[in-house]
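**Q** Full structure from sequences and hints, please.
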Amino acid sequence: MATQTKQVTDFGTDLHLDGGWQQYWLGFLRLVVGWWFFHSGFTKLLADGLSYTYGPVYLKGMTGTALGPIPVWMGENLAWAIEPGVPVFETLIGLGLMAGVLTRLACAGGVFFMTLFWVGNADFGHGLVNGDLMGLLLFLTLGILAAGRYYGLDAYIEKTEFVRTHPRLRYLLG
Amino acid sequence: MTLDINDMDLLDRAAMLVGTGLMAVGVVVLGLVETLAGEPYGAAPLTNEAGEVVATPMIDPNIRVGLVVLGLVVLAADGLYKLVRATPETDEAENATAVTQ
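Respectively, the protein sequence lines represent chains L and F. One point on numbering: in my numbering, the residue at position 85 of the first sequence is 85, and numbering is uninterrupted. One point on numbering: in my numbering, the residue at position 90 of the second sequence is 1090, and numbering is uninterrupted.
Mixed in with the good hints there might be a few duds.
[Claimed, not checked] Restraint-style ranges between C-beta atoms, simulated for each label pair:
no.: 1; chain 1: F; residue 1: D1009; chain 2: L; residue 2: G64; range: 36 to 46 angstroms
no.: 2; chain 1: F; residue 1: A1014; chain 2: L; residue 2: L45; range: 35 to 45 angstroms
no.: 3; chain 1: F; residue 1: A1037; chain 2: L; residue 2: G64; range: 40 to 50 angstroms
[To be verified] Quick partial rundown of chain F residues pointing at chain L, CB under 10 angstroms, derived from the structure:
no.: 4; residue: L1022
no.: 5; residue: V1027
no.: 6; residue: T1035
no.: 7; residue: A1037
no.: 8; residue: N1062
no.: 9; residue: L1072
Please keep in mind that the hints were generated in silico from the structure rather than gathered at the bench. Every residue gets a Cβ at the ideal spot worked out from N, C-alpha and C, and that includes glycine.
**A** What follows is the structure, encoded as structure tokens:
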């Protein structure tokens, strides 16, 4: 049975997910978002191996965006890291989310990728809110809600003595 | 099991409000301004069948996107701050605070 409790704080009320649909849905959402990135990265690995040459090309094409010269500079100077990095990190982000391991770190990586996709694709014909921004917000949401704690391995990892003695890890797990 | 959103100090709350505030201004507030300013209602130039631009957004989309990215940067900075701040001592103190609230 789904239950939820509210805790009153000096800044309003915080919602706690104690079971049922909310936890299940967060776990399901994490699985689907993880598959999205895993599929994207793994198929790049299958097709191009560690030489995803479109990555630097895409960044070089990001002229006149809100990110200024940063992506173009990255495309021109970091191609050696971007070509293998895009498929590898997309795959790892996907695996991390699906298994619920290092979920917040994976979500931070997903936000980084989706920011570049959102700004770079710049398909704003129907407004700023498009599929790329929704993907970005999904990663933010999963990270903020620590979705790896629901049906994810982070729930167990966080209980280990190592994490208890290294609480910084809670902000990479969760 | 509780969410870490309870573990907030003044800086966290400021970052939360500023970060999400910048994102809300970029997407919603300026989106409303853009809509009320007339065509194009979106954030891209309006073209005719010949592909000629017949109307451009009143607000440069880069400004709106920039505000959202800035908001993300604020949230990321807060995340890093929480990461750096966390120690076994602060962790125990926060748990104790959460229990007594």
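**Q** Could you run down the list of hints and mark each one as holding or not?
**A** Results of checking the hints against the structure:
1. For the hinted restraint 36 to 46 angstroms between F:D1009 and L:G64, the CB-CB distance of approximately 39 angstroms keeps it satisfied.
2. The hint said 35 to 45 angstroms for the Cβ distance between F:A1014 and L:L45, and at roughly 41 angstroms that hint holds.
3. With their beta carbons about 22 angstroms apart, F:A1037 and L:G64 fall outside the hinted range of 40 to 50 angstroms.
4. For the restraint placing F:L1022 at the interface with chain L, the shortest Cβ-Cβ distance is roughly 12 angstroms, beyond the 10 angstroms limit, so the hint is violated.
5. At its closest, the beta carbon of F:V1027 sits 5 angstroms from a beta carbon of chain L; the interface hint therefore holds under the 10 angstroms criterion.
6. Because the closest C-beta pair between F:T1035 and chain L is about 8 angstroms apart, less than 10 angstroms, the hint holds.
7. Interface hint at F:A1037: violated, since its Cβ lies 13 angstroms from the closest Cβ of chain L, which is beyond the 10 angstroms cut-off.
8. A least Cβ separation of about 4 angstroms between F:N1062 and chain L falls short of the 10 angstroms threshold, and the interface hint therefore holds.
9. Checking F:L1072 against chain L by beta carbon gives a least distance of about 6 angstroms; that is within 10 angstroms, so the hint holds.
When the structure is compared with the earlier hints, violations turn up for hints 3, 4, 7 and for no others.
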